[in-house]
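Residue-level listing of the chains:
There are 2 protein chains.
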Amino acid sequence: MSIWEKIEGHLGTPAGFFGNATHAGIKKNSDALDLALIYCASAAATAAGVFTTNLVAAAPVILSRQHLQASRGRARAVVVNSGNANACTGRAGRKTAEETTRVAAKLLGISREQVLVASTGVIGVPIKDALITHSLPSLVTGLSREKAADVTRAIMTTDTFPKACALRARIGGRTVHLAGVAKGAGMIHPRLATMLSFITTDALIGVRDLQKMLKAATDASFNRISVDGDTSTNDTVIIMASGLSGVSFTPGTPNGRQFLAGLTELCRILAQMIVRDGEGAKKFVTIEVAGARTERDADCVARAIANSPLVKTAIAGGDPNWGRILCAAGYSGARFDPSKVEIYINGLALCRKGSDAGFDEADAKEQFDKPQLTLRVNLHQGKAQATLWTCDLTHEYITINASYRT
Amino acid sequence: MSIWEKIEGHLGTPAGFFGNATHAGIKKNSDALDLALIYCASAAATAAGVFTTNLVAAAPVILSRQHLQASRGRARAVVVNSGNANACTGRAGRKTAEETTRVAAKLLGISREQVLVASTGVIGVPIKDALITHSLPSLVTGLSREKAADVTRAIMTTDTFPKACALRARIGGRTVHLAGVAKGAGMIHPRLATMLSFITTDALIGVRDLQKMLKAATDASFNRISVDGDTSTNDTVIIMASGLSGVSFTPGTPNGRQFLAGLTELCRILAQMIVRDGEGAKKFVTIEVAGARTERDADCVARAIANSPLVKTAIAGGDPNWGRILCAAGYSGARFDPSKVEIYINGLALCRKGSDAGFDEADAKEQFDKPQLTLRVNLHQGKAQATLWTCDLTHEYITINASYRT
Chain A
47 MSIWEKIEGH LGTPAGFFGN ATHAGIKKNS DALDLALIYC ASAAATAAGV
97 FTTNLVAAAP VILSRQHLQA SRGRARAVVV NSGNANACTG RAGRKTAEET
147 TRVAAKLLGI SREQVLVAST GVIGVPIKDA LITHSLPSLV TGLSREKAAD
197 VTRAIMTTDT FPKACALRAR IGGRTVHLAG VAKGAGMIHP RLATMLSFIT
247 TDALIGVRDL QKMLKAATDA SFNRISVDGD TSTNDTVIIM ASGLSGVSFT
297 PGTPNGRQFL AGLTELCRIL AQMIVRDGEG AKKFVTIEVA GARTERDADC
347 VARAIANSPL VKTAIAGGDP NWGRILCAAG YSGARFDPSK VEIYINGLAL
397 CRKGSDAGFD EADAKEQFDK PQLTLRVNLH QGKAQATLWT CDLTHEYITI
447 NASYRT
Chain B
47 MSIWEKIEGH LGTPAGFFGN ATHAGIKKNS DALDLALIYC ASAAATAAGV
97 FTTNLVAAAP VILSRQHLQA SRGRARAVVV NSGNANACTG RAGRKTAEET
147 TRVAAKLLGI SREQVLVAST GVIGVPIKDA LITHSLPSLV TGLSREKAAD
197 VTRAIMTTDT FPKACALRAR IGGRTVHLAG VAKGAGMIHP RLATMLSFIT
247 TDALIGVRDL QKMLKAATDA SFNRISVDGD TSTNDTVIIM ASGLSGVSFT
297 PGTPNGRQFL AGLTELCRIL AQMIVRDGEG AKKFVTIEVA GARTERDADC
347 VARAIANSPL VKTAIAGGDP NWGRILCAAG YSGARFDPSK VEIYINGLAL
397 CRKGSDAGFD EADAKEQFDK PQLTLRVNLH QGKAQATLWT CDLTHEYITI
447 NASYRT
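Line by line, the protein sequences give chains A and B.
Per my numbering, the very first residue in the first sequence carries number 47; after that it's consecutive.
Per my numbering, the very first residue in the second sequence carries number 47; after that it's consecutive.
Quick caveat, the hints were computed from the structure, so don't treat them as lab data.
One or more of the hints may lead you astray.
[Unchecked claim] Ranges between beta-carbon positions, derived for each pair:
{"id": "1", "chain 1": "B", "residue 1": "75", "chain 2": "A", "residue 2": "426", "range": "33 to 39 Å"}
{"id": "2", "chain 1": "B", "residue 1": "412", "chain 2": "A", "residue 2": "403", "range": "48 to 54 Å"}
{"id": "3", "chain 1": "B", "residue 1": "383", "chain 2": "A", "residue 2": "393", "range": "35 to 41 Å"}
{"id": "4", "chain 1": "A", "residue 1": "426", "chain 2": "B", "residue 2": "89", "range": "44 to 50 Å"}
{"id": "5", "chain 1": "B", "residue 1": "78", "chain 2": "A", "residue 2": "265", "range": "38 to 44 Å"}
{"id": "6", "chain 1": "B", "residue 1": "334", "chain 2": "A", "residue 2": "138", "range": "24 to 30 Å"}
{"id": "7", "chain 1": "B", "residue 1": "261", "chain 2": "A", "residue 2": "426", "range": "51 to 57 Å"}
{"id": "8", "chain 1": "A", "residue 1": "140", "chain 2": "B", "residue 2": "300", "range": "53 to 59 Å"}
{"id": "9", "chain 1": "A", "residue 1": "261", "chain 2": "B", "residue 2": "442", "range": "40 to 46 Å"}
Bear in mind that the values here come from a model prediction, so they are computed numbers and not experimental data.
Virtual Cβ for every residue (Gly too), placed ideally from N, Cα, C.
Just need the whole structure built from these sequences, with the hints factored in.
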């Protein structure tokens with residue numbers, strides 16, 4: 047049983063965190079929020095981050111990695127913009143990211159290395175420094191716990207709803223909080239971080255432990271979702287821990303496991319929100335692979351199914367085309383005997399021993415038409431398993447992405 | 047200069063080949079051709095095949111592999127049906143494939159192992175044997191050179207046009223022919239054969255040489271196209287050589303190279319037809335990657351770009367979103383320095399040194415709106431290169447695949 051309970055809250059709920067957001071003019075043709083600041087008031091704060099595995103990493107990703115290392119995990123602020131990814135922008139892009147951290151650090155009275163940056167939006171178009179640096183003074187002046195709630199909307203691009211979550215636990219008479227926001231929608235693929243997410247907590251945790259736990263939590267959440275198989279240049283998950291709850295956590299101990307459980311739960315909730323808001327998505331699909339020889343095999347099969355355009359369009363159309371599921375498993379690279387495979391939709395058997403299970407077409411159609419589906423594939427080869435969350439592939443995905451840039 | 051000239055012709059054009067096709071009732075709700083027979087009259091014929099790499103191989107793929115081995119490459123007939131893939135059909139499916147070869151062999155007076163089978167269509171639904179076996183007698187009776195032209199249409203499923211090609215060369219006063227048909231449209235991914243294709247030739251070639259040359263030709267053609275990244279359970283390319291032209295070819299000699307060049311040309315023409323007819327495709331895209339460190343790197347980058355839904359939808363929308371191209375290269379697994387990359391569309395520079403090349407938006411849009419595009423990516427790391435052919439991802443792909451089965 048989880049000690050964590052879901053509460054109304056935002057990034058400013060954990061003790062010591064402040065935030066603010068504004069419209070800086072980076073998003074064209076709109077007055078939507080596009081620049082946000084998250085700040086931790088505790089000088090003892092620790093921070094950790096996981097970033098895209100894409101070789102083509104955006105300027106803010108490169109700089110944030112450097113700053114986390116240079117500050118030895120003592121980052122205390124994140125400046126994030128939406129509307130422009132600041133990726134593939136060469137020297138101009140690096141300068142924008144550097145200027146952002148320089149100006150923010152000066153205003154906040156911390157070192158440059160304690161400021162991290164993140165960006166999301168169109169690739170390949172430089173941002174004018176001034177748009178960001180001229181907005182920073184008022185962002186800093188207006189910092190408050192309540193305004194931290196605005197960060198959620200300021201990081202949205204094609205997202206159709208804001209994604210935030212807060213958890214609370216009482217430990218030894220004290221209260222600890224975890225809060226997070228995320229943005230996603232497209233370019234979502236389960237390799238490392240895969241989107242933007244920022245997490246605050248008032249737990250007391252050392253830098254190395256925080257990094258380890260963040261890695262473990264993202265592996266079990268953000269790395270287990272897929273919208274379209276594309277790994278972004280900007281994927282970033284950053285956590286800052288103020289320590290102000292006074293409750294300390296150590297990995298490998300029972301209370302360390304409790305923190306990891308809460309962090310994983312928070313990340314999973316945010317990750318599943320991203321899938322639910324997948325570009326054009328109408329259905330939320332859980333893919334469970336069981337009976338694999340190895341975890342790697344289970345994972346390969348789950349990912350091949352989650353990324354197959356044929357499986358995803360069949361789900362969009364409510365078509366119980368289990369053959370495509372088995373076919374995707376077949377080219378996944380995993381080893382198994384096709385004649386042993388079972389496939390279920392929401393508990394209804396579609397395929398047994400690699401062949402048609404003799405299901406009723408209307409029953410299957412009814413399951414496939416639901417907004418939430420669980421596809422379960424049992425390979426009957428061993429005991430390893432894997433779960434992945436994905437969505438269907440619809441006309442709207444094409445519409446959104448055919449003219450994203452222009 | 048190629049010695050091969052393109053001619054009007056079909057599978058019956060090379061000496062010694064006969065064909066026929068009929069509506070056997072496998073395609074429901076239509077009277078379209080759905081069963082075909084290709085037969086080689088020469089007892090000295092040689093044959094070779096390449097098949098899907100999918101672990102979940104359809105019954106006809108498994109049986110054809112066995113028969114090619116058992117007959118030591120002496121196959122002389124192919125029975126192919128459309129409308130049902132006979133994949134994931136268990137024992138019933140194996141029986142259908144076996145019965146087909148047994149009955150056809152008896153009618154043709156050859157051994158069972160000399161008959162190959164191929165199927166395409168819906169997965170997971172058994173075919174009634176009788177539909178095929180009852181149609182075989184009239185198919186055999188009606189065999190003719192002219193009727194071989196009908197095979198082209200009999201193998202179509204979601205294809206919108208028939209795909210056939212014939213080549214002729216004069217060598218030492220003699221005439222040699224190569225003819226081929228193919229079907230494709232969806233579930234097309236560059237891993238081994240990737241669709242159905244049948245090739246006839248009256249060249250005189252040993253079994254091992256034929257197998258080697260077919261492998262080399264498909265690697266440079268059918269394995270270099272991608273529609274949606276899905277590898278089918280049924281991919282099959284079969285070639286039969288009657289030898290009746292009297293012109294013999296040996297690999298590694300100048301004339302062997304001439305045959306390989308012709309076979310590769312034929313396969314490329316058919317492969318490109320498949321891409322042009324990709325499900326919902328409106329644009330034909332050539333992806334050229336140059337300046338890679340290794341061929342593997344060049345190939346990885348080309349395939350990542352070709353399979354990226356974001357790149358493919360941007361092309362569909364005529365959006366010069368070169369950032370998505372660089373992004374796909376970045377997660378391809380290839381090693382390169384992003385700050386050296388150049389990207390061109392039909393010769394117009396979009397990206398230089400990993401950043402915006404300062405192109406005119408209207409110029410770029412004009413190129414992206416063309417029905418044929420060449421995307422050229424130069425990594426500036428070495429001398430290796432790779433070319434791939436693909437298509438855009440449109441609303442129609444979703445429409446076709448959302449309700450393929452039902």
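Here's how the hints hold up against the structure:
1. 75/B <-> 426/A: 33 to 39 Å: holds, 36 Å
2. 412/B <-> 403/A: 48 to 54 Å: holds, 53 Å
3. 383/B <-> 393/A: 35 to 41 Å: With a Cβ separation near 51 Å, residue 383/B and residue 393/A fall outside 35 to 41 Å, so the hint is violated.
4. 426/A <-> 89/B: 44 to 50 Å: At roughly 46 Å between Cβ atoms, residue 89/B and residue 426/A fall inside 44 to 50 Å, so the hint holds.
5. 78/B <-> 265/A: 38 to 44 Å: Violated: the Cβ-Cβ distance is about 50 Å, outside 38 to 44 Å.
6. 334/B <-> 138/A: 24 to 30 Å: Hint holds: Cβ distance 28 Å, inside 24 to 30 Å.
7. 261/B <-> 426/A: 51 to 57 Å: Since residue 261/B and residue 426/A have Cβ atoms about 34 Å apart, the given range 51 to 57 Å is violated.
8. 140/A <-> 300/B: 53 to 59 Å: At 55 Å between Cβs, range holds.
9. 261/A <-> 442/B: 40 to 46 Å: For residue 261/A and residue 442/B the Cβ distance comes to about 42 Å; the hint holds.
Comparing the model with each numbered hint stated earlier shows that hints 3, 5, 7 do not hold.
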